[in-house]
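Novice: Got chain R sorted already, so can you dock chain C with the ligands onto it with the hints?
There are 2 protein chains.
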Amino acid sequence: MSEKYRGLSPAEFFHRNKEIAGFSNPSRALYQTVRELVENSLDATETHGILPYIDVEVRLHEDRPEWVTLRVADNGIGIPAHEIPNVFGRVFYGSKYVVRQTRGVFGLGVKMAVLYAQMTTGKPIYVKSSTRDSDVVGEYLLYIDISRNIPHVQKMRIKKKNKNWHGTIVRLTLEGAWLQSKKRIEDYIRRTALISPYATIRYRSPDGELLFERVSKELPEPPQIGKYHPKGVDIEILKDLIRRSNNNDMTLAGFLEKYFEGVGEKIAQEFLTWAGFQPDTKVKELKLADLEKLATAMKNFPKWRRPRPLTLSPLGPELLKKGVKSILKPEFATAVIRPPSSYGGHAFIVEAAIAYGGEIPPQDNVLLLRFANKMPLLYDEGVDVSRKIVDSIDWSIYKIKFPAPVAVVTHVCSTKIPFKGVGKEAIADVPELEHELEIAIRDVARRLRIYLSKLEKMYEVKRKEVTIRKYMGEVS
Amino acid sequence: MSEKYRGLSPAEFFHRNKEIAGFSNPSRALYQTVRELVENSLDATETHGILPYIDVEVRLHEDRPEWVTLRVADNGIGIPAHEIPNVFGRVFYGSKYVVRQTRGVFGLGVKMAVLYAQMTTGKPIYVKSSTRDSDVVGEYLLYIDISRNIPHVQKMRIKKKNKNWHGTIVRLTLEGAWLQSKKRIEDYIRRTALISPYATIRYRSPDGELLFERVSKELPEPPQIGKYHPKGVDIEILKDLIRRSNNNDMTLAGFLEKYFEGVGEKIAQEFLTWAGFQPDTKVKELKLADLEKLATAMKNFPKWRRPRPLTLSPLGPELLKKGVKSILKPEFATAVIRPPSSYGGHAFIVEAAIAYGGEIPPQDNVLLLRFANKMPLLYDEGVDVSRKIVDSIDWSIYKIKFPAPVAVVTHVCSTKIPFKGVGKEAIADVPELEHELEIAIRDVARRLRIYLSKLEKMYEVKRKEVTIRKYMGEVS
Ligand SMILES: Nc1ncnc2c1ncn2[C@@H]1O[C@H](COP(=O)(O)OP(=O)(O)O)[C@@H](O)[C@H]1O
Ligand SMILES: Nc1ncnc2c1ncn2[C@@H]1O[C@H](COP(=O)(O)OP(=O)(O)O)[C@@H](O)[C@H]1O
Ligand SMILES: [Mg+2]
Ligand SMILES: [Mg+2]
Ligand SMILES: [Mg+2]
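Protein chains in written order, with numbering that gives the first Met the number 0: chain R, 0 to 475; chain C, 0 to 475.
One chain only, chain R, in its complex shape (with noise of 0.2 Å):
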C-alpha cells in the first residue's frame, strides 16, 4: 500500500516524454529529427567559421514503408574521436553550455533522436566524425542505455585520415511519416537556407534534389565565447561562478571584472559602492544573504553598459530586407536591429521586419514568420512571444485594415533563447524581450503607414488629377 520512491535518469525521463521534445508522433518526430541534425551541422560549421556545405538525404525502406533512414554530412569542425559516445549517447552532454548564440543549447536534440530511432526500429546511429586537426577519423555504431543514461558502443573503429576530411556524418533510421511531414521538411530547409544565405545545402528526398547554394560567401563574423551580462543574473548563478572560481583570494570587484562582460575596474568600484559592499570583501565569504543583496542590487544598478554583441550574430537589416523580398516579394518592406540588452544575464537582440503588399495574400491577421539564432520556428505559433506582441497592436494606428496583405519577421538572437520547449518553436513571454520586440514592431509599422500614407497622397493626387481632367474634358 505504501509508495515506492525512485529516481529517472534523464535519459529514461526523456524517453517516456517524448512529446514534450516535439517528439509526439512519427511525422513530427521525422521532422524534428531533420531539424536537430541540421541545426548540430550549422553550428559545427558557421559558428567556427566554416562556410557550411550540408547534405541532408531522406531515404524511404522498401520492404518497411514506416521506416526513414536520415543521413546528414557536414564539413564542420568535427567530434574528437573520445568525445563521440558522450555528445551522441548521454543526455544533457554537449560543447555548448557557454555564454555563446548557438542553435543548439540544451544538449538533448541528437540524443532524442537516437532515443526515438532505437524505440521505433532497434537500429543504432552510425556517427563517423573528423576533427580538423586530427589525423585520424571515428567511426561509430551506438545507442543509449536509456536506465543508465549512457552511451552504449556497438561497433568502433578509428583509421588513419587519408585525406584532409573534416566534418561529421550522422545516420539513423526510425519511424517516420514521410508524406504527412515532406512538406514542413522542404519549408524548413528552404527557410534555413534564406536565414543563412552563406550556406549551400544540399537535400534529397523521395520526391527528389534541392540544392540550395549559397547566395553569399560572406561568413558573418563568428559568435565568441563570452560571459554573463551582470544584470540579472540570480543568486544561483552567483553561487556557481565563485565555486569554480576555486580561489580563496577573490575580492567582489576582481570577482565582477572576471566574470561579467562590460565590467572594467571603475564600473566595478562604482556598483560596489553604490549597493554598499566593499569592494575588498572575499566572495568566498559571502554569505547567502550577501548573494541575495548582492544579484538584488546587480538587478537594479542603472549603469551598466549595455553587452557588446561579440556572442551575438545578428543578421542585420539588410540581409534581412533581402531575405524577407525574396520569400514574400512584397510591394515594400523594411528591417530594423535593435541595440543588445539582456534578461537573466543573458544578452540578446531583436531583429523585426515588417513587408506589405505585392505577393502577400491580404489577410485577417497580420502574416508572422518567426526565427531564433537562425533557426526557423514552424510550430507553436499560437503561444509565442512574437504573436503575443504582434496580436497586442491595434494595427489601424499604422493604417492596416484587416483583409491587409502585411507581414512582420521577427528574428531574436540570443546566448540563450527563453524557449518555452525543448522542441524550441516558441520563445516564452519573458519581460525584457516583450519589451524589445514591441520597439522593433511599431518601429518597422511606423514606416509602413509613412509609406502607406505617401502612396495615399500620390492616389490622392491622382485622383485629384483625374478629376480635374475629366472636368476639363467636360468644359472643352
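Simulated from the structure, these hints should not be mistaken for lab results. Hints should not be assumed to be uniformly reliable.
Capping the alpha-carbon separation at 27 Å, the derived lysine-lysine pairs in BS3-like fashion look like this [claimed, not checked]: (1) C:K415 - C:K400; (2) C:K3 - R:K415; (3) R:K320 - R:K400; (4) R:K154 - C:K400; (5) C:K160 - C:K226; (6) C:K238 - C:K257; (7) C:K154 - R:K122; (8) R:K298 - C:K238; (9) R:K154 - C:K3; (10) C:K400 - R:K400; (11) R:K127 - C:K265; (12) C:K298 - R:K127; (13) R:K286 - C:K122.
Specialist: Frame of chain R, contents of chain C with the ligands only:
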C-alpha cells in the same frame, strides 16, 4: 580554440531552462508554483482514498513587495521522513513513475518551485510531513545542490507525533508578481474545486479568503497501479521490462501475461501464434531484431482487449455535466464519456461536454475549457490538441452559426498525458487521442444539433400559431 565538452546535472538543466517548466517570469512562476503544490496535495489525498482538505496561503512581504510566501497544507498520505530530502531536492525523483493516473508524472514540479525560490530569494523550502502509519513527524529546511542534483539539508528535526496527524505542509518564499498573477491563480483554484467536487480548498491571499467546501463526500474509486497495455509499447519498454523481470526462465507467454493489462493465457497464445513466435521462447534469449518484430506485432495485433479503466479515474458524464452547468450556467448541456483506449501502452479515457446559451456570451469561436487528469489547463490553448480538433470541425453542420454562445469542455484521463511541456498546459497531437477527442466532441455536438432542431421546430410552430392567430384576427 577547440570545443570543451561537459555534462549537466538535471537540476542544472532546469535551472538554466526554467521557461520550459512554466517559470518564465515572476507572474507565471507564482501561478506555476501554486499549481505544483496544490496538485501534489490532491495526488496525496484523493489518489489514496482520502477526502482532500487543502489549505493554500499566499502572503506578501511588507519590506520586499516582490517576495511572496506560499504555504500549502494537506491531509494526505505524507512522506516518509527519510524520503523528504530526495522528493523535494532531487530532480527526477518521486513516487509517480508507475502506471496510474496522477496529476504529477514528471518528478519535477516541486523541485522547480524550490529552484525558483532559491535562485530568486535564496530561501530554502520548509517541509513538515508525517505518514499515516508513522509515529514521527519530519521537519526539514532544504535546498538543491544544483550542480550535483542532490538535496542539501540545512536543518532537520524528527519529532514524536502527539496527535494523529498525517499530511504535508510546504512553505517557500519566491519572487512573484502577485498583482499580475492573482486572477489566474484564483481561476485555477476555482476550476480545481469544480473538477474535484469532493475536495475542500481554503484559499487565503492578500485579497481575502475563499472557502470552497466539498459539495460531495463521495470520493470516486481511487485509480490503481496497473500494467502497460500491450498495444503500442516500444522496443525500449520491452527491453526494460525484460531487464527488470530478472528471471532467466521467463517465457514469452509468461512475460506477456505477467506484464501486460488484459493479457491472459489464451490471448497470449493466440497473439504469439499470430505473430509467428514460439510461446515457450525464453525472453532473455530474444535478440534486438526479435524485440523489434515483437513490438511491431503487438502494435498491429487486432484482438487485444480494450484496457480496463482501473488505473484511471474519470469524472463521469453526470459529474462533468453538473460541473459545466455550475461554471457556465448554460441553457443546454450534455456530456459523454468514451470507452478506454490506449496509445504507446498507456490507457486513456476522453470525456467531453458541450454547453449552449444561457450565460455563455456569444463568441466568434467555440469557447474551450480543457482539463487533464482533473487539472484545469489555463495556458497555451492555441497549441492544444483539443483546440486543433474543435477548430477542424465545420460547426455549421451542427446548426451553429457564429457568433454563437457555445462551449466545449474536454477532459483527458490517462496514466500518461502526452503533455507538450513540463509546465503541463497543452496536450500534444497523438493520433489515438485525436481520434477519441473527435468522436467525443462530435457526439455531444450531435446532441446539441438535435436540441437546436427541436428549438427551431418549436419556434416554427409558434411562428405558425402567431401567423394563424394574426390571420384569424384579421378575418374575424
Ligand atoms: N554535426 C556535428 N558536428 C560537430 N559537433 C556535433 C555535431 N553534432 C553534434 N555535435 C556535438 O554534440 C553535442 C550534443 O549535440 P546535441 O545533443 O544536439 O545538443 P546541443 O546541440 O544542444 O549541444 C553538441 O554540443 C556538439 O558538441
Ligand atoms: N503534498 C505531498 N504529499 C505527499 N507526497 C508528496 C507531496 N508533495 C510531493 N510529494 C512526493 O514528492 C514526489 C515529487 O513531487 P514532484 O516533484 O512534484 O513530482 P511529481 O508530482 O510529478 O511526482 C511525488 O511523487 C510525491 O511522492
Ligand atoms: Mg543540437
Ligand atoms: Mg508534482
Ligand atoms: Mg513547454
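Novice: So, for every hint listed, does it hold in this structure?
Specialist: These are the hints, each one checked on the structure:
{"no.": "1", "hint": "C:K415 - C:K400", "result": "violated, 36 Å"}
{"no.": "2", "hint": "C:K3 - R:K415", "result": "holds, 18 Å"}
{"no.": "3", "hint": "R:K320 - R:K400", "result": "holds, 23 Å"}
{"no.": "4", "hint": "R:K154 - C:K400", "result": "violated, 63 Å"}
{"no.": "5", "hint": "C:K160 - C:K226", "result": "violated, 36 Å"}
{"no.": "6", "hint": "C:K238 - C:K257", "result": "holds, 15 Å"}
{"no.": "7", "hint": "C:K154 - R:K122", "result": "violated, 49 Å"}
{"no.": "8", "hint": "R:K298 - C:K238", "result": "violated, 50 Å"}
{"no.": "9", "hint": "R:K154 - C:K3", "result": "holds, 25 Å"}
{"no.": "10", "hint": "C:K400 - R:K400", "result": "holds, 25 Å"}
{"no.": "11", "hint": "R:K127 - C:K265", "result": "violated, 48 Å"}
{"no.": "12", "hint": "C:K298 - R:K127", "result": "violated, 33 Å"}
{"no.": "13", "hint": "R:K286 - C:K122", "result": "holds, 12 Å"}
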